[in-house]
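First residue of the sequence shown? That's 25 in this note's numbering, and the numbers climb one at a time after it.
These are calculated hints, taken from the structure and not from any lab test.
Quantities reported herein were computed from a predicted structural model and do not represent experimental measurements.
Don't take each hint at face value.
EDC-like mimics (lysine to aspartate or glutamate), calculated; alpha carbons at most 16 Å apart, straight line [claimed, not checked]:
no.: 1; residue 1: K118; residue 2: E62
no.: 2; residue 1: K118; residue 2: E67
no.: 3; residue 1: K103; residue 2: E62
no.: 4; residue 1: K107; residue 2: E62
no.: 5; residue 1: K103; residue 2: E170
no.: 6; residue 1: K219; residue 2: E161
no.: 7; residue 1: K114; residue 2: D58
no.: 8; residue 1: K118; residue 2: D70
no.: 9; residue 1: K219; residue 2: E170
no.: 10; residue 1: K114; residue 2: D74
no.: 11; residue 1: K121; residue 2: E69
no.: 12; residue 1: K51; residue 2: D74
no.: 13; residue 1: K53; residue 2: D38
no.: 14; residue 1: K121; residue 2: E67
no.: 15; residue 1: K61; residue 2: E128
no.: 16; residue 1: K174; residue 2: E128
no.: 17; residue 1: K51; residue 2: E67
no.: 18; residue 1: K53; residue 2: E67
no.: 19; residue 1: K47; residue 2: D218
no.: 20; residue 1: K53; residue 2: E43
no.: 21; residue 1: K174; residue 2: E102
no.: 22; residue 1: K114; residue 2: D76
no.: 23; residue 1: K53; residue 2: D70
no.: 24; residue 1: K118; residue 2: E43
no.: 25; residue 1: K107; residue 2: D76
no.: 26; residue 1: K121; residue 2: D46
no.: 27; residue 1: K53; residue 2: E69
Restraint-style ranges between C-beta atoms, simulated for each label pair [what the hints assert, rightly or not]:
no.: 28; residue 1: A117; residue 2: E204; range: 24 to 30 Å
no.: 29; residue 1: H242; residue 2: K121; range: 32 to 38 Å
no.: 30; residue 1: E170; residue 2: K42; range: 35 to 41 Å
no.: 31; residue 1: S26; residue 2: L238; range: 42 to 48 Å
no.: 32; residue 1: V56; residue 2: P237; range: 44 to 50 Å
All residues carry an ideal CB built from backbone N, CA and C; glycine is no exception.
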Amino acid sequence: MSVVIMSRTKVRLDQVAKEIGDKTGQKVKVIVADFTKENVFSEIEDQLRDLDIGVLVNNVGMLPSYVPSRFLECAELEKTITKVINCNVKTLAKMCKIILPGMENRGRGVIVNVSSGVACIPFPLYTLYSASKVFVERFSQGLHAEYIDKGIIIQTVAPFGVSTRMAAYQQTNVVTLSPEDFVKSSLQYLRAGDKTHGSVCHAIMGWLLQSIPLKILHAESMLHNLRDYVKKKTALAASIAASPRATFENGRMK
Numbered sequence: 025m026s027v028v029i030m031s032r033t034k035v036r037l038d039q040v041a042k043e044i045g046d047k048t049g050q051k052v053k054v055i056v057a058d059f060t061k062e063n064v065f066s067e068i069e070d071q072l073r074d075l076d077i078g079v080l081v082n083n084v085g086m087l088p089s090y091v092p093s094r095f096l097e098c099a100e101l102e103k104t105i106t107k108v109i110n111c112n113v114k115t116l117a118k119m120c121k122i123i124l125p126g127m128e129n130r131g132r133g134v135i136v137n138v139s140s141g142v143a144c145i146p147f148p149l150y151t152l153y154s155a156s157k158v159f160v161e162r163f164s165q166g167l168h169a170e171y172i173d174k175g176i177i178i179q180t181v182a183p184f185g186v187s188t189r190m191a192a193y194q195q196t197n198v199v200t201l202s203p204e205d206f207v208k209s210s211l212q213y214l215r216a217g218d219k220t221h222g223s224v225c226h227a228i229m230g231w232l233l234q235s236i237p238l239k240i241l242h243a244e245s246m247l248h249n250l251r252d253y254v255k256k257k258t259a260l261a262a263s264i265a266a267s268p269r270a271t272f273e274n275g276r277m278k
């Protein structure tokens with residue numbers, strides 16, 4: 025299939041477009057859009073108007089702060105609220121509005137909406153982010169029920185650890201997967217229903233997290249330990265990245 029890729033950084037988009045084109049021989053269309061901004065969708069709709077889009081992947085998202093923080097401690101809170109809602113919530117609904125009519129007319133299509141494992145419980149210190157991902161899940165599940173009889177699969181994928189820029193390129197292990205490995209795993213569950221965690225280990229993590237009483241998970245000591253853990257991980261990743269020997273290959277730190 026030919027591909028349309030959208031993000032806010034043209035240099036990075038052009039690089040990825042070249043890689044896809046060189047590897048697959050398919051056409052790649054680049055659309056530059058900052059989904060944290062207002063009123064970006066009319067231009068996107070114009071550029072997609074004549075294309076028969078069979079697969080839509082809504083993977084855009086932003087984390088207000090990698091280091092856990094209380095809601096009122098977030099820097100530039102008013103702007104952050106707007107950006108998170110625009111990027112994580114509004115974009116999802118708008119892109120489905122643009123793409124879904126064509127899928128309905130053709131009687132087939134796939135929409136994959138990327139949520140997060142943290143949406144499975146109320147998640148303090150990532151409150152705004154996790155709440156936005158709850159919207160992704162409920163919206164996707166509702167749409168799936170509405171359009172499954174039209175031949176359209178609409179699925180939420182809710183991963184936990186994936187070694188991406190948003191996760192400070194954490195070292196991969198049994199729990200934290202590389203983007204490539206996670207995609208290969210999650211695509212196996214495309215027909216498994218309206219929601220998947222994308223891998224067996226992430227499904228187990230979701231089950232464990234929901235099994236622990238919230239009184240324990242929300243205890244002040246647990247929140248304090250979570251914050252300290254992420255701060256240490258962030259500092260370690262920053263120090264390694266600053267080393268002249270550190271390189272990245274396919275999302276993995278070497």
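Status of the hints after comparison with the structure:
1. For the hint pairing K118 with E62, the CA-to-CA distance comes to about 12 Å; that is within 16 Å, so the pair holds.
2. A threshold of 16 Å between alpha carbons decides the hint, and for K118 with E67 the separation of about 12 Å falls inside it, so the pair holds.
3. Proposed proximity of K103 and E62 is supported: the alpha carbons are some 12 Å apart, at most 16 Å.
4. A C-alpha spacing of about 9 Å is found between K107 and E62, which places the hinted pair at or below 16 Å, so the restraint holds.
5. Pair hint K103 plus E170 does not hold up; C-alpha atoms about 34 Å apart against a cutoff of 16 Å.
6. At roughly 8 Å between alpha-carbon atoms, K219 and E161 fall within 16 Å of each other, so this suggested pair holds.
7. Straight-line distance between C-alpha atoms of K114 and D58 comes to about 12 Å, which keeps the hinted pair within the 16 Å bound.
8. Restraint check for K118 and D70: the C-alpha separation of about 13 Å stays at or below 16 Å, so the hint holds.
9. At roughly 15 Å between alpha-carbon atoms, K219 and E170 fall within 16 Å of each other, so this suggested pair holds.
10. For the given pair, K114 sits about 23 Å from D74 by alpha-carbon distance, which is inconsistent with the 16 Å threshold.
11. Restraint check: the Cα-Cα separation between K121 and E69 comes to about 10 Å, which is no more than 16 Å; the hinted pair holds.
12. With a CA separation close to 15 Å, the supplied pair K51 and D74 stays within the 16 Å bound.
13. A threshold of 16 Å between alpha carbons decides the hint, and for K53 with D38 the separation of about 9 Å falls inside it, so the pair holds.
14. For the hint linking K121 to E67, the alpha-carbon distance of about 14 Å falls within 16 Å, and the restraint holds.
15. Distance restraint check for K61 and E128: the Cα-Cα separation of roughly 28 Å exceeds the 16 Å cut-off, and the hinted pair is therefore not satisfied.
16. Distance restraint check for K174 and E128: the Cα-Cα separation of roughly 6 Å lies within the 16 Å cut-off, and the hinted pair is therefore satisfied.
17. Proximity of K51 to E67 is assessed by CA-CA distance (about 20 Å); at most 16 Å being required, the pair is judged violated.
18. Taking the CA atoms of K53 and E67, the gap is about 14 Å. The hint holds against a cut of 16 Å.
19. Proximity of K47 to D218 is assessed by CA-CA distance (about 31 Å); at most 16 Å being required, the pair is judged violated.
20. Note on K53 and E43: the hinted pairing holds, with a Cα-Cα distance of about 13 Å set against a maximum of 16 Å.
21. At roughly 40 Å between alpha-carbon atoms, K174 and E102 are farther apart than 16 Å, so this suggested pair is violated.
22. About 23 Å separates the Cα atoms of K114 and D76, which puts this hinted pair outside 16 Å; it is violated.
23. Annotation: proposed proximity of K53 to D70 holds, straight-line Cα distance about 13 Å (limit 16 Å).
24. As the CA atoms of K118 and E43 are separated by approximately 28 Å, the hinted pair breaks the 16 Å bound.
25. For the suggested pair K107 and D76, the alpha carbons sit about 30 Å apart, so the restraint of at most 16 Å is broken.
26. Of the pairs offered as hints, the one joining K121 and D46 is violated, with about 32 Å between alpha carbons and a cut-off of 16 Å exceeded.
27. For the hint pairing K53 with E69, the CA-to-CA distance comes to about 14 Å; that is within 16 Å, so the pair holds.
28. Between A117 and E204 the beta carbon distance is about 29 Å. The supplied range of 24 to 30 Å therefore holds.
29. Checked against the hint of 32 to 38 Å, the pair H242 and K121 passes, with Cβ atoms roughly 36 Å apart.
30. For the hinted restraint 35 to 41 Å between E170 and K42, the CB-CB distance of approximately 38 Å keeps it satisfied.
31. At about 46 Å, the beta-carbon gap between S26 and L238 stays in the expected band of 42 to 48 Å.
32. The hinted window of 44 to 50 Å between V56 and P237 holds, with their beta carbons roughly 46 Å apart.
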